[in-house]
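Visitor: Those sequence lines, one after another, are chains A and B. Quick note: the first sequence, position 179, residue 179 per UniProt numbering, numbers continuous. Quick note: the second sequence, position 220, residue 220 per UniProt numbering, numbers continuous.
Quick caveat, the hints were computed from the structure, so don't treat them as lab data. Fair warning: this is a prediction, and the values are worked out from it, not measured in the lab. Warning: the hint list may mix true and false statements.
Residues on chain A that point at chain B, a partial pick, calculated with CB under 7 Å [as the list claims (entries may be wrong)]:
{"id": "1", "residue": "Ser42"}
{"id": "2", "residue": "Thr181"}
{"id": "3", "residue": "Asp184"}
{"id": "4", "residue": "Glu193"}
{"id": "5", "residue": "Ile259"}
{"id": "6", "residue": "Ile270"}
{"id": "7", "residue": "Leu304"}
{"id": "8", "residue": "Thr305"}
Restricting the straight-line Cα-Cα distance to at most 16 Å, the calculated cross-link-like pairs of lysine to aspartate or glutamate (EDC-like) are [unchecked claim]:
{"id": "9", "chain 1": "B", "residue 1": "Lys264", "chain 2": "A", "residue 2": "Asp260"}
{"id": "10", "chain 1": "B", "residue 1": "Lys264", "chain 2": "A", "residue 2": "Glu261"}
{"id": "11", "chain 1": "A", "residue 1": "Lys123", "chain 2": "A", "residue 2": "Glu113"}
{"id": "12", "chain 1": "B", "residue 1": "Lys173", "chain 2": "B", "residue 2": "Asp198"}
{"id": "13", "chain 1": "B", "residue 1": "Lys173", "chain 2": "B", "residue 2": "Glu197"}
{"id": "14", "chain 1": "B", "residue 1": "Lys173", "chain 2": "B", "residue 2": "Asp129"}
{"id": "15", "chain 1": "B", "residue 1": "Lys173", "chain 2": "B", "residue 2": "Glu44"}
{"id": "16", "chain 1": "A", "residue 1": "Lys80", "chain 2": "A", "residue 2": "Asp96"}
{"id": "17", "chain 1": "A", "residue 1": "Lys143", "chain 2": "A", "residue 2": "Asp125"}
{"id": "18", "chain 1": "B", "residue 1": "Lys173", "chain 2": "B", "residue 2": "Glu95"}
{"id": "19", "chain 1": "B", "residue 1": "Lys264", "chain 2": "A", "residue 2": "Glu16"}
{"id": "20", "chain 1": "B", "residue 1": "Lys264", "chain 2": "A", "residue 2": "Glu113"}
Label pairs and their calculated CB-CB ranges [as the list claims (entries may be wrong)]:
{"id": "21", "chain 1": "A", "residue 1": "Leu70", "chain 2": "B", "residue 2": "Leu66", "range": "54 to 60 Å"}
{"id": "22", "chain 1": "A", "residue 1": "Leu70", "chain 2": "B", "residue 2": "Gly321", "range": "22 to 28 Å"}
{"id": "23", "chain 1": "B", "residue 1": "Pro303", "chain 2": "A", "residue 2": "Leu70", "range": "42 to 48 Å"}
{"id": "24", "chain 1": "A", "residue 1": "Pro282", "chain 2": "B", "residue 2": "Asp102", "range": "45 to 51 Å"}
{"id": "25", "chain 1": "B", "residue 1": "Pro284", "chain 2": "A", "residue 2": "Gly18", "range": "54 to 60 Å"}
{"id": "26", "chain 1": "A", "residue 1": "Arg296", "chain 2": "B", "residue 2": "Glu3", "range": "25 to 31 Å"}
We put the beta carbon where it would ideally sit given N, CA and C, even for glycine.
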Amino acid sequence: MTLLSVENLTVGFPTEDGQLRAVRGVSYEVNRGESVGIVGESGSGKSVTSLAIMGLLPRNAQVTGSVKLLGEELVGRTDKDLSQIRGRRIAMIFQDPLTSLNPVYTVGDQIAEAVRAHHGVSKHDALRRATDLLDIVGIPNPKLRARNYPHEMSGGMRQRIVIAIAMANNPDLIIADEPTTALDVTVQAQVLEALEAARAETGAALVLITHDLGVIAGHTDRVCVMYAGKLVETGTVDEIFYGPRMPYTLGLLGSLPRIDESGRQRLTPITGAPPSLLNLPPGCPFSPRCPMTRDRCDDVEPVLTATTGPDHRAACHFHTELAEAKAEDVF
Amino acid sequence: MTEPIVSVRNLVKHFPVRSRGVLRRRTGDVHAVCDVSFDIFAHETLGLVGESGCGKTTTGRVLLNLEPATAGSVHYRGRDLVPLSRAQMRPLRKELQIVFQDPYASLDPRMTVTELIAEPLRIHGTFHDRTQIHDLLRTVGLDAEHGNRYAHEFSGGQRQRIGVARALALRPKVLVLDEPLSALDVSVQAGVVNLLEDLQDELGLSYLFISHDLSVVRHIADRVAVMYLGRIVETAPADQLFREAAHPYTQALISAIPVPDPRKERTRRRIILSGDVPSPITPPTGCRFRTRCPKYATQLTDPERRRCAEETPTLTDRGQGHQTACHYAEALTLI
Numbered sequence: 001m002t003l004l005s006v007e008n009l010t011v012g013f014p015t016e017d018g019q020l021r022a023v024r025g026v027s028y029e030v031n032r033g034e035s036v037g038i039v040g041e042s043g044s045g046k047s048v049t050s051l052a053i054m055g056l057l058p059r060n061a062q063v064t065g066s067v068k069l070l071g072e073e074l075v076g077r078t079d080k081d082l083s084q085i086r087g088r089r090i091a092m093i094f095q096d097p098l099t100s101l102n103p104v105y106t107v108g109d110q111i112a113e114a115v116r117a118h119h120g121v122s123k124h125d126a127l128r129r130a131t132d133l134l135d136i137v138g139i140p141n142p143k144l145r146a147r148n149y150p151h152e153m154s155g156g157m158r159q160r161i162v163i164a165i166a167m168a169n170n171p172d173l174i175i176a177d178e179p180t181t182a183l184d185v186t187v188q189a190q191v192l193e194a195l196e197a198a199r200a201e202t203g204a205a206l207v208l209i210t211h212d213l214g215v216i217a218g219h220t221d222r223v224c225v226m227y228a229g230k231l232v233e234t235g236t237v238d239e240i241f242y243g244p245r246m247p248y249t250l251g252l253l254g255s256l257p258r259i260d261e262s263g264r265q266r267l268t269p270i271t272g273a274p275p276s277l278l279n280l281p282p283g284c285p286f287s288p289r290c291p292m293t294r295d296r297c298d299d300v301e302p303v304l305t306a307t308t309g310p311d312h313r314a315a316c317h318f319h320t321e322l323a324e325a326k327a328e329d330v331f
Numbered sequence: 001m002t003e004p005i006v007s008v009r010n011l012v013k014h015f016p017v018r019s020r021g022v023l024r025r026r027t028g029d030v031h032a033v034c035d036v037s038f039d040i041f042a043h044e045t046l047g048l049v050g051e052s053g054c055g056k057t058t059t060g061r062v063l064l065n066l067e068p069a070t071a072g073s074v075h076y077r078g079r080d081l082v083p084l085s086r087a088q089m090r091p092l093r094k095e096l097q098i099v100f101q102d103p104y105a106s107l108d109p110r111m112t113v114t115e116l117i118a119e120p121l122r123i124h125g126t127f128h129d130r131t132q133i134h135d136l137l138r139t140v141g142l143d144a145e146h147g148n149r150y151a152h153e154f155s156g157g158q159r160q161r162i163g164v165a166r167a168l169a170l171r172p173k174v175l176v177l178d179e180p181l182s183a184l185d186v187s188v189q190a191g192v193v194n195l196l197e198d199l200q201d202e203l204g205l206s207y208l209f210i211s212h213d214l215s216v217v218r219h220i221a222d223r224v225a226v227m228y229l230g231r232i233v234e235t236a237p238a239d240q241l242f243r244e245a246a247h248p249y250t251q252a253l254i255s256a257i258p259v260p261d262p263r264k265e266r267t268r269r270r271i272i273l274s275g276d277v278p279s280p281i282t283p284p285t286g287c288r289f290r291t292r293c294p295k296y297a298t299q300l301t302d303p304e305r306r307r308c309a310e311e312t313p314t315l316t317d318r319g320q321g322h323q324t325a326c327h328y329a330e331a332l333t334l335i
């Protein structure tokens with residue numbers, strides 16, 4: 001059953017040099033209880049997309065398209081309307097837990113506040129719920145820790161507090177934007193486990209935004225690859241990792257050094273840098289960096305088309321040539 | 001066995017912690033680096049890995065005498081660098097260079113690329129003409145015409161290449177690479193990794209590659225040393241370390257790294273550590289890892305635990321250059 005449906009979402013920001021087209025027509029769906037990964041490099045528009053879904057963009061942002069939560073349109077709603085949905089039905093986890101938390105309240109109070117914002121429960125009951133939530137996300141001594149301030153906790157613990165706040169109202173959907181990027185690997189493992197615990201407890205669907213393909217591989221069912229403000233490939237996690245049909249995805253996978261492979265195989269870097277979103281040339285935005293590029297790529301921008309299966313779609317004119325291709329042969 | 005080019009022995013670095021107020025009395029020490037020893041051989045990459053705050057960057061800086069050591073020695077080609085003054089260090093700087101983590105902060109925004117790369121040459125009086133700079137730019141995969149531009153006109157990956165060109169200008173023997181990739185996007189990272197490998201082969205450089213990213217380290221390093229809270233807890237040839245890590249911390253670290261392979265990820269065994277890294281001002285007695293050690297928590301008997309608390313484990317040889325600082329080390333295959 002479709003929980004969230006994003007259709008042809010675009011986001012533009014006016015600048016002195018013209019409009020910056022951060023998101024250029026993104027469409028995807030998230031089913032109930034499902035986990036969808038959005039992967040892309042810095043500036044690909046993955047964060048802006050999720051901020052647009054939550055209605056958290058600055059006022060000067062120009063948003064068009066449609067975002068529907070269980071059939072209910074979210075684009076164009078007032079801030080007051082949206083605050084009934086944010087935190088209760090869609091919760092968000094940001095990269096930096098220190099800026100998500102309020103430094104002058106205890107973490108217990110902040111979790112209780114999230115509960116009381118949407119449910120008319122007593123302060124006492126809300127605090128008890130806060131302690132339970134701290135336990136679920138793996139904070140030892142939750143009763144004691146609820147009385148701590150954010151600065152008394154480590155980065156990993158703070159991020160688990162943010163997860164506890166996100167799950168406080170049993171949301172239908174949790175959007176996590178680079179939730180572990182600032183953390184060390186062993187702490188990242190703790191936080192990802194807390195996130196899984198939160199999903200198991202609430203049954204929430206997850207949109208996981210990250211640049212780390214390893215995290216995507218382990219924690220998502222389906223993947224959307226973003227490049228220059230568009231989705232360039234979507235599919236199940238296995239389709240994307242074992243049979244990518246967009247040169248960019250293939251290049252990303254080939255450029256990763258892997259802990260499970262020994263020796264000095266050459267990595268296959270993607271040359272060049274992502275294009276400026278200010279005045280994109282016509283044609284495929286990846287064309288200047290693509291080793292397979294031809295005349296047609298610079299004239300016509302490819303749209304997402306079905307490849308190996310109806311759900312495995314890629315935005316490349318020549319995706320059929322990538323069947324069985326290896327990154328080191330192409331790049 | 002050939003002589004190591006750099007040989008670090010029992011290196012200690014403490015930073016004073018001072019009280020607030022007028023007197024600023026010394027109230028304690030941050031034990032940043034504690035009794036660290038390792039060798040770097042010619043034409044070899046030693047990977048130094050660990051999480052933030054484990055002392056890996058400080059180790060690199062003390063090695064280059066950018067920070068004075070509290071105790072211990074750093075021998076470069078048989079000569080101890082620790083007692084040398086800045087002036088005495090200067091001729092040696094030609095041979096020992098560093099590439100910094102942040103390519104945005106380490107390049108002066110008011111200098112052109114040519115000036116940036118020429119600066120070390122001018123200081124050491126070996127600057128002749130611009131063709132030297134053009135050659136260096138070409139070596140790191142940039143164009144000669146890039147020399148007239150400023151750092152802000154380049155992308156992160158290109159800036160890091162400029163940083164590498166500057167470090168190479170004096171034809172060093174040893175390069176300390178302090179997290180040179182962590183500010184870069186993955187697709188760009190790979191290009192810099194390849195460049196570093198090519199340069200090593202061409203110029204016969206030795207690298208101390210400091211990183212928190214074990215995947216990159218496995219790729220680039222010949223040998224790896226793992227640090228935890230100021231101490232080296234395990235060191236081994238790269239493949240051996242990843243195949244049969246024997247220290248519980250290394251095992252947790254390896255098991256925590258996500259692999260970009262969904263089938264493997266679904267079936268992998270994860271060792272989740274509890275708690276956080278203790279303060280380096282008052283590190284735990286005995287084994288510094290015992291407060292988070294899953295083995296200490298679940299597998300050891302009380303007398304065994306007492307040994308962890310009382311006796312600091314030293315690096316013990318397990319054969320083939322594999323050393324582990326754990327009383328109860330046991331090899332585990334995790335990948």
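Visitor: All hints, please: hold or fail.
Guide: Against the structure, the hints come out as follows:
no., hint, verdict
1, Ser42, "holds, 6 Å"
2, Thr181, "violated, 11 Å"
3, Asp184, "holds, 4 Å"
4, Glu193, "holds, 6 Å"
5, Ile259, "holds, 4 Å"
6, Ile270, "holds, 4 Å"
7, Leu304, "violated, 21 Å"
8, Thr305, "violated, 23 Å"
9, B:Lys264 to A:Asp260, "holds, 10 Å"
10, B:Lys264 to A:Glu261, "holds, 12 Å"
11, A:Lys123 to A:Glu113, "holds, 9 Å"
12, B:Lys173 to B:Asp198, "holds, 15 Å"
13, B:Lys173 to B:Glu197, "holds, 14 Å"
14, B:Lys173 to B:Asp129, "violated, 23 Å"
15, B:Lys173 to B:Glu44, "holds, 11 Å"
16, A:Lys80 to A:Asp96, "violated, 25 Å"
17, A:Lys143 to A:Asp125, "holds, 13 Å"
18, B:Lys173 to B:Glu95, "holds, 5 Å"
19, B:Lys264 to A:Glu16, "violated, 48 Å"
20, B:Lys264 to A:Glu113, "violated, 40 Å"
21, A:Leu70 to B:Leu66: 54 to 60 Å, "holds, 59 Å"
22, A:Leu70 to B:Gly321: 22 to 28 Å, "violated, 60 Å"
23, B:Pro303 to A:Leu70: 42 to 48 Å, "violated, 60 Å"
24, A:Pro282 to B:Asp102: 45 to 51 Å, "violated, 36 Å"
25, B:Pro284 to A:Gly18: 54 to 60 Å, "holds, 58 Å"
26, A:Arg296 to B:Glu3: 25 to 31 Å, "violated, 60 Å"
Hints 2, 7, 8, 14, 16, 19, 20, 22, 23, 24 and 26, counting from the list given before, are not met by this structure.
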